[in-house]
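J.: In case you want the letters, here they are:
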Amino acid sequence: MSAFILRRLLQTVVVLVLLSFVCYYVMSLMPGDPIDIMVSSNPKMTAEDVTRLKSLYGLDQPITVRYWHWLTAFSQGDFGYSRTYRIPVQDMIAPRLLNTLYLSALALTMALLIGIPLGVIAGLNPGSRFDYVANFFSYGGISMPSFWLGILLIIVFAVKLEWLPAGGTQTIGANLSGWQAFVDRLKYLILPAISLMTLQAGVYLRFARSSMIEAMGNDFIRTARAKGLSRYRVIWVHGFRNALIPLITVVSLSASTIFSGAIITETVFAYQGVGKLVFDSIVGNDFNMAMVSFMISIAMVLTMNLLADILYALADPRISYN
Amino acid sequence: MKHYALPLLLALALALALALAGCSEEPSATVAAAVDSNRPDNRELKVGLTQEFENLNAIIGQMMATIYLHKISGRTLVYMDTDANWQPQIVERIPSFDNGDAQIVMEQGRQKIRAQWRIKDDQFWGDGTPVTATDIEFSWRVGSHKNVTVGEKEVYTTVERVELDPADDKAFVFIYEKARWDFARMGSFFTLPEHLEGPVFERHADQPLGYEKNTLYVTAPTTAGLYNGPYRVSEIKLGSHLVFKRNEHWRGQPPAIEQLVFKIIPNTATLEANIRSGTIDMISVLGLKFDQAMKFEKTVLREQLPLQVNYKPSITYEHIDLQLNNPLLQDVRVRRALVHAINREELVNALFEGKQARAIHNIAPIDPWYSDDPTYVVDYPYSPRRANKLLDEAGWTLGPDNYRSRDGVRLSLQFMTTAGDKSRELVQTYLQDQWKAVGIEITIKNEPARVYFGETVRKGKYSALAMFAYISSPENSPKSTLHSKNIPRQDNQFSGQNTGGWVSEPVDRLLELLDGEFDETKRLALVQQILQHYTDQVPVIPLYYRSDISVTPNNLEGYQLPGHQFQASNNVEYWNLTE
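Which chain is which? The protein sequence lines are B and F, in order. Letter 11 of the first sequence, counting from 1, is numbered 13 in my numbering, and no numbers are missing. Letter 136 of the second sequence, counting from 1, is numbered 960 in my numbering, and no numbers are missing.
A few of these clues could be false.
[To be verified] Calculated pairs, DMTMM-like style, for lysine to aspartate or glutamate (alpha carbon to alpha carbon, straight line, at most 25 Å):
1) Lys1309/F to Asp62/B
2) Lys1037/F to Asp282/B
3) Lys1346/F to Glu1329/F
4) Lys56/B to Glu978/F
5) Lys1285/F to Asp62/B
If you're looking for bench data, these hints aren't it; they were derived computationally from the structure.
All chains, full assembly: derive it from the sequences and hints.
T.: Below you can see the structure in the form of structure tokens.
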């Protein structure tokens, strides 16, 4: 297993480097660099200003040279300077990344805790009233646009009921610490987390249900029952364990996309996460900021896939990487 | 199943409540009461804005929000008041030839201007250090340094050298390298504290971007001494919020409000919910779009919310650039027919309820250079009859399909603007119908703002019509948009904004003369001549002058929307929230 992990880690590095070039190159194809955008909003900028600024930012260099400079600096831990915010990228992205991780982790946990148990119960009782209601909520969650749900939650819980703040990350200027700070952060997390988890919970419910129905229809379940095993053991040890394989795939894939999928939620709730930052840096051609975001995103997808492969082996003894 | 009945009923009830609450359009006494109970007072005012800001080192700042916020904590040499008159801000008076503080001098065979300035005695940085001429000289060095990325460097490089007076640390002289009439209008010359920023600059100036990476505005932005305005920054989180507290060393009008919080709410659709929930008390000029403001104003009136939606006609000029390389548009009769065919009066009344004014040319009514004198300005009233006549004269005959053609070529023009901009898309459809009525076919092709402004408009790549806005400032020479040397080309790095490619030798000459004309009456005459050519030749179709919009609490006094680049934040010390 350790050889497999090592091999996959090496592959991950190679894929990261290749994809980083692809992302860098594709970004360079976007019309207008940051200076061009500056020119279009400032009529007083002269041709000399444009030449000077492009030279200062290195935008007058060929794309391969610029990429090489970026890659060497990146590999040494220098993520560069954000042309949009005019501060080093790591100073901007680190706190934002942490905020997104809090939000994504809470949303993912809630989605797992709601979606999987409901899906399992629905799968064990297909065609029942519970199954119909669970399906209704699942389809509702999947089909409800997250920005619409977000606005709805703000109107109900912030405007009408005034229970929770309409947006933000924490109370500005409150200088809280310890438990109070934790509660304060949680207050700002609840609505965006609900908005973000609704879709995921719906997806997990659907997959858990169908996997469970399929697993419970297997011959070995009938055998286990015939052997007189307890209902708990039949469902959780034999049924659920077999239903886990497709669930691991879905959860690992969605866990990596929840990072980028938070853009809309973060924008609606003015939540200071990395999603909005990524979007703005791509739109504003802020190469350094966008590239770090891409690298994190790619690394997350690759890591979650590796994790999924490892979990397959743990869930199913028939899978071996040796 | 019994075990699941209660949670399921609860969930259904919640979903129903959510749906009903979301769909409700009825006046809500609860919300009005909620907003009223959140009525702000002078302890704190929370302001929402949609645009991002940078650190508050205004010399290197480029974003509009940065300049808006800078005026709360920083003051400049001069500023423009709400009546568009220039006023001294941190200096005693504005140098001019009339008051004897400025003279034209000859140096190495060239005409230059020598202007004497003096900083007011009551100007202090937030740490109590007086603002001196050394700060001005230092700011000029930073702004004109090759390794510092200043967008509009000309503000600094136009000053050839700065002379300090050893006998008076408040006095300084600017020697301008060119004799231009607007030498003293240095509203975007920003001042930095030399006692704090000087050592940083000396240490890092020799590396490209070295200074801006290490400026205290980035590394220690809450340092009180960085700010010379009525407020100082007490907390800053880029992309999130900015908190200002009163500057203890400010000697001007004492600000009434203790703390100002500026909060970024990137989604304009949620601004309304945020103000209704009390998360913010006010929406700055960098917030609502026009259509949203009109809709929100109706809600405010219907629900009697204690808010005020403010509109102020601004200098922003919404227009359609005509691509003059297009053979169909090279005939001035076609261009004039295009303007005659559209009813702009009805357009602004129908779409904007008259809250944005019809434009007749590129200079807005709040600009002292504005003129509607028919001796100079050619107006094109709505007249489909005249439009048809002009097109007939130009040889474009109406066919059985109700479109005009000449030599087998249909009079068909492509009309472009930013995709997803509701107001512009409405205007586009409205104009398309009116042009169709005189036999002109209009095909619409819209692009995302990034592509439209980054490539199509910037490089003049549209084939016929491009609708967008110019943000300028009063008494600003229209050189960048009208001079033929500012037609965007590879050799000028596409930096010009004469995107339609208008070449007018007389206008080029007048624009050159304008820079060097010191006599106000003669200068105005030059502007009028430029307007005469502009309105006669129709290189651009004027549409309307946009309005600046903000939403303020009813109890806010002393707030004024100026409609130009010196935003409402420039008089923040007069804002007062009454009981």
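J.: For each hint, tell me whether it holds in the structure or not.
T.: Structure-based check of each hint:
1. For the hint linking Lys1309/F to Asp62/B, the alpha-carbon distance of about 23 Å falls within 25 Å, and the restraint holds.
2. A threshold of 25 Å between alpha carbons decides the hint, and for Lys1037/F with Asp282/B the separation of about 20 Å falls inside it, so the pair holds.
3. A C-alpha spacing of about 20 Å is found between Lys1346/F and Glu1329/F, which places the hinted pair at or below 25 Å, so the restraint holds.
4. Pair hint Lys56/B plus Glu978/F holds up; C-alpha atoms about 17 Å apart against a cutoff of 25 Å.
5. For the given pair, Lys1285/F sits about 22 Å from Asp62/B by alpha-carbon distance, which is consistent with the 25 Å threshold.
In the structure shown, no violation is registered for any of the earlier numbered hints.
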